[in-house]
Amino acid sequence: MTDSTPLARFWSEFRTNKVAVCALFVVIAIVLIALAAPLIAPQNPYDLGTLVLMDARRPPGFVGTKGFTHWLGTDAQGRDLLSAILYGLRISIQIGIIAGGIAFALGVTLGTFAAYFGGRIEALIMRIIDLQLSFPAILLALVLAALLGQGKGPLIAALVTAQYAYFARTAHGAASSERSKEYVEAALSTPLAPTRVVFRHILPNCLPPLIVVATVQIANSIALEATLSFLGLGLPVSEPSLGMLISNGFQYMLSGRYWISIYPGVALIILIVAINLVGDQIRDQLNPRLRR
Amino acid sequence: MLGFMIQRLLQALVVMLVISALVFVGVYAVGNPIDVLISPDATQQIREAAIKAYGLDQPLWKQYIDFLGRLIQGDFGRSFLYNMPVLDLIGSRIPATLELTLVAVLGATLLGVPLGMYAGYRPDSIASRLIMTLSIFGFSVPTFWIGLVLIFTFAVQLGWLPAGNRGETATLFGVEWSFLTANGWKHMLLPALNLSLFKFAMMVRLARAGTREIMLTDTVRFARAAGESEFTILRRHVLRLISIPIVTVFGLEFGSTMAFAVVTETIFSWPGVGKLIIDSISSLDRPVMVAYLMLVAFFFIVINLLVDLSYAALDPRLRTRRAA
Amino acid sequence: MIPLLEVTDLATHFATRNGALKAVDGVSFSIAEGEIIGLVGESGSGKSVTGFSILGLIDPPGRIVGGSVKLKGRELVGLSARELRAIRGREIAMVFQDPSATLNPVLTIGTQMRLALEAHGSVSESEARARSAEVLERVGIPDAARRLDAHPHQFSGGMRQRVAIAIALLNRPKLIICDEPTTALDVSIQAQILTEMRDLAREFGTAMIWISHDLATVSSIASRLLVMYAGRIIEEGPVANVLRQPQHPYTAGLLASLPANAERGMDLVQIPGSTPSLFDLPPGCAFQPRCDRRSPACVVMPELTSGGLGRRRRCHHPLNGGSA
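Protein chains in written order, with this note's numbering: chain D, 314 to 605; chain R, 46 to 369; chain U, 9 to 332.
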């Protein structure tokens with residue numbers, strides 16, 4: 314009650330949930346590690362010249378021909394798994410944020426403008442979005458990824474297609490309830506440009522639910538990217554993301570070489586769980602119905 | 046009620062049309078299908094003959110009309126890969142997916158709803174925190190990775206359960222089912238568990254959120270003031286009130302679980318439609334892709350319709366409003 | 009003779025981040041069999057919490073921290089959940105403010121009444137229906153037997169509250185706590201329900217605690233009046249007496265602010281200032297900052313002292329001849 318800004322008040326409540334604070338710390342730490350991957354990774358996993366095939370599929374703790382210890386073992390091409398995971402996290406986070414960001418921008422624009430214009434345009438846009446929402450995202454992404462081919466661009470396009478509708482739905486819901494409030498009517502009756510009304514008045518008030526959706530969707534797009542890569546529809550083999558590392562390790566798992574699949578998976582899960590825990594706390598804090 | 050049904054059916058028809066157009070453009074117009082249809086070193090004559098034969102020289106709208114006409118006659122074309130009619134191919138794979146999905150979704154609901162209600166009823170207890178942690182993991186951990194871990198643990202390390210395939214099947218209504226044999230159940234257990242985990246997490250969260258909100262309402266206070274036991278309140282009042290969103294999600298998730306079966310079926314080599322679509326995507330078997338997408342769309346529309354109807358059964362307020 | 013209900017020094021506090029909120033702080037009163045008392049106060053004065061405390065229906069973070077509630081000499085504070093449940097609805101029932109929030113929207117009236125009956129012993133389906141219909145008839149619902157299969161939304165607001173009252177009467181309790189049961193209704197229906205409730209209470213020999221913020225409503229049904237302010241009773245006495253000669257300045261202020269008591273053409277009288285926050289109570293008498301009779305003595309909490317003719321008040325400087 315004594316804190317001045319809404320952000321400070323938000324943080325002081327957030328702080329009371331120890332698990333969420335730890336999760337936030339983990340997210341930040343993983344992002345920093347991923348950013349610094351080229352500096353701290355013992356090997357550049359994309360530089361095929363540094364890979365030694367003799368070192369392939371070695372268990373954790375193996376000291377390779379290059380003289381350093383592979384703490385998490387090596388994969389089928391002799392890549393140091395720790396390095397591959399660090400670089401993989403980098404790709405996963407990058408794709409998650411880019412896809413999430415584009416989906417956010419696209420969805421929010423569509424949703425708010427639908428709410429703003431109303432009438433036929435609104436009905437048309439929202440029907441399409443509802444239709445898409447009733448369709449499983451993974452299938453859309455699957456088909457798109459298959460049709461567009463492999464690579465970062467097609468993958469991001471597939472993820473955006475699978476996700477923008479959630480943002481549009483949320484933004485539309487929040488914006489149309491804002492739209493009907495009197496202060497917006499008042500602002501619209503002034504000679505202010507409509508876009509200004511949307512950006513200055515409607516959008517800021519839709520932010521809280523969108524933030525919640527955004528955290529969940531970033532986690533989702535990371536998971537979806539991994540799933541697509543696992544199914545062989547994601548990134549090319551030369552740039553292994555976490556999903557592809559797991560996929561490559563699958564065949565060796567049956568012979569007991571678990572580490573190739575397990576460790577990248579653990580890294581992936583820690584990241585996604587941490588993001589979701591943070592998102593959960595934000596959601597609980599922003600849900601007015603649970604407030605006493 | 047009848048007017049409502051007719052209106053919904055018309056809507057469904059329009060939606061199917063739109064989807065067929067999107068699927069057609071998506072699958073046939075992206076890339077050059079003729080490259081896939083015939084070998085690249087075919088002569089120019091063979092090429093042109095093929096283009097004519099497949100109607101690819103026609104304008105796109107004409108091609109689409111022809112495509113629609115064939116669909117209405119139930120002709121989805123032949124699979125390039127299996128060289129058999131697509132409809133027969135998919136039909137032979139559906140039971141496997143259907144039973145896997147049904148077992149997964151039912152299991153997730155029957156287990157997830159009571160646990161979620163408990164977590165919402167006693168949100169601060171240790172058991173509730175445990176349930177919620179479990180659900181966060183179920184939500185976050187990608188299905189495919191769980192599948193790997195399940196295989197590694199139960200099939201490779203412990204050797205308790207098989208790692209793939211349907212196992213023995215028995216025939217019912219002329220269709221092969223795994224759930225009729227003990228060996229089939231053994232094979233189904235791991236994939237069903239894998240597929241249900243995400244739905245389980247979802248049901249837990251849904252039931253918890255609903256219970257938490259309803260426990261604070263005057264309905265519950267009034268029932269308590271009448272001396273009703275906490276168990277009665279949870280079973281008769283709360284469960285009945287949260288059943289509306291749960292049935293919705295059950296229906297919608299049933300569809301998306303069938304779609305998600307793609308991943309599980311790939312990992313466990315479960316010979317359902319999911320495995321089929323992955324195979325056809327990687328080999329660009331376009332007729333199978335088209336038929337599968339249309340089928341899924343059809344499924345979704347039917348499920349949405351059923352969900353709407355069950356709404357009316359569960360929520361008396363809607364029933365009278367529509368009858369009026 | 010033992011009174012039906014005797015409340016002594018009842019204290020119910022809510023644990024919050026800013027310390028304990030003393031919603032009810034040392035409330036004492038008693039009710040004889042068949043008596044109707046009115047409990048009046050502004051929102052936040054603790055009148056509803058007093059009602060819920062009697063039934064042990066305080067949800068965490070709230071807790072009864074002291075005092076006693078005796079029903080025919082039997083202590084209720086500290087009873088087990090099971091023992092309390094046997095009393096709720098059977099000995100003491102409760103009616104809430106908004107019937108559309110208290111009745112379960114997805115269950116029929118008949119089901120809800122049967123649940124209330126089953127809470128206190130098993131009854132057969134036909135027996136439950138017969139008893140429910142009989143009570144519904146008594147509260148003025150025509151064609152009761154058929155209406156048992158209707159859902160709450162098929163009743164008007166007034167009828168819905170009658171259903172809630174019927175549920176409260178179902179097990180023939182000795183005492184009904186009515187928490188503003190007419191506030192959510194239309195004015196014309198308020199008076200109707202009020203009269204009917206008074207007649208029913210007389211007929212069934214039921215005692216009532218009528219909780220309301222509306223002095224006029226309460227005085228038309230109750231024979232004795234309790235006025236609460238900031239978690240304490242500040243004045244008590246026979247209705248006619250209190251209305252004619254209020255002894256506490258707060259009661260006098262409330263009476264003066266009633267539109268019916270205003271002189272034509274004059275402004276309505278207001279009590280200056282506003283209700284204090286329970287977190288930030290002034291020292292001594294909680295009303296003292298708003299009171300025009302305050303003196304330095306008021307920083308000491310006055311006792312609830314007798315003012316003659318069955319009257320008590322908590323004031324150092326009482327009005328109307330009650331010398332301190």
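Simulated from the structure, these hints should not be mistaken for laboratory data. Some hints could be false.
[What the hints assert, rightly or not] Derived, one-sided and incomplete: chain R residues facing chain U with beta-carbon distance under 10 Å: (1) Asp-263; (2) Arg-266; (3) Glu-275; (4) Leu-279; (5) Leu-286; (6) Ser-288; (7) Pro-290; (8) Val-292; (9) Leu-351; (10) Ser-355; (11) Pro-361.
[Unchecked claim] Over 10 Å on every C-beta distance to chain R, these chain D residues come out as not near it, computed from the model: (12) Thr-422; (13) Arg-433; (14) Leu-460; (15) Gly-464; (16) Lys-465; (17) Gly-486; (18) Ser-489; (19) Arg-492; (20) Glu-495; (21) Glu-498; (22) Arg-513; (23) Thr-540; (24) Asn-589.
Quick caveat: nothing in here was measured; it's all calculated off a predicted structure. Backbone N, C-alpha and C fix where the C-beta goes; we use that ideal spot for every residue, glycine too.
Verification of the supplied hints:
The interface hint given for Asp-263 of chain R holds, since its Cβ lies 4 Å from the closest Cβ of chain U, which is under the 10 Å cut-off. Using the Cβ-Cβ criterion of 10 Å, the hint placing Arg-266 of chain R at the interface with chain U is satisfied: the shortest such distance is roughly 6 Å. With a least beta-carbon distance of about 8 Å to chain U, the hint placing Glu-275 of chain R at the interface is held under the 10 Å criterion. At about 12 Å, the closest approach between the beta carbon of Leu-279 of chain R and any beta carbon in chain U exceeds 10 Å, and the interface hint on this residue is violated.
Evaluation of the Leu-286 of chain R hint against chain U yields a held restraint, the C-beta minimum of about 6 Å falling below 10 Å. A cut of 10 Å between beta carbons decides the hint on Ser-288 of chain R: the least distance to chain U is about 8 Å, and the hint holds. Given the 10 Å rule on beta carbons, the hint for Pro-290 of chain R is violated: about 12 Å separates it from the nearest Cβ of chain U. Evaluation of the Val-292 of chain R hint against chain U yields a violated restraint, the C-beta minimum of about 12 Å exceeding 10 Å.
Against a cut-off of 10 Å between C-beta atoms, the interface hint on Leu-351 of chain R is violated, since the closest Cβ of chain U lies about 19 Å away. Contact between Ser-355 of chain R and chain U, as hinted, is not supported at the beta carbon level, the nearest pair being about 13 Å apart and thus beyond 10 Å. Satisfaction of the interface hint for Pro-361 of chain R is found here, the shortest Cβ-Cβ separation to chain U being roughly 4 Å, below the 10 Å cut-off. Non-interface call for Thr-422 of chain D relative to chain R: holds, since the shortest CB-CB distance, roughly 21 Å, exceeds 10 Å.
A cut-off of 10 Å between C-beta atoms confirms that Arg-433 of chain D is not in contact with chain R; the least separation is 16 Å. In this structure Leu-460 of chain D is not separated from chain R by more than 10 Å, as the shortest Cβ-Cβ distance comes to only about 5 Å. Under the 10 Å C-beta cut-off, the non-interface status given to Gly-464 of chain D relative to chain R holds; the minimum distance is some 14 Å. Taking the minimum C-beta to C-beta distance to chain R, about 18 Å, the non-interface status of Lys-465 of chain D holds against the 10 Å cut.
Non-interface status of Gly-486 of chain D relative to chain R is upheld: no Cβ of that chain comes within 10 Å, the nearest being about 16 Å off. Annotated as non-interface, Ser-489 of chain D keeps its C-beta farther than 10 Å from every C-beta of chain R; the closest such distance is 21 Å. Every CB of chain R lies more than 10 Å from the CB of Arg-492 of chain D, the least distance being 25 Å, so the non-interface label holds. Every C-beta of chain R lies more than 10 Å from that of Glu-495 of chain D, the closest at about 28 Å, which supports listing it as non-interface.
Here Glu-498 of chain D stays apart from chain R, with its beta-carbon at least about 29 Å from theirs, past the 10 Å limit. Residue placement check: Arg-513 of chain D keeps its beta carbon more than 10 Å from all beta carbons of chain R (closest about 33 Å). Under the 10 Å C-beta cut-off, the non-interface status given to Thr-540 of chain D relative to chain R is violated; the minimum distance is some 6 Å. Not every Cβ of chain R is farther than 10 Å from the Cβ of Asn-589 of chain D; the closest lies at roughly 5 Å, contradicting the non-interface assignment.
Hints 4, 7, 8, 9, 10, 14, 23, 24 from the list above are not met by this structure, while the remaining hints are.
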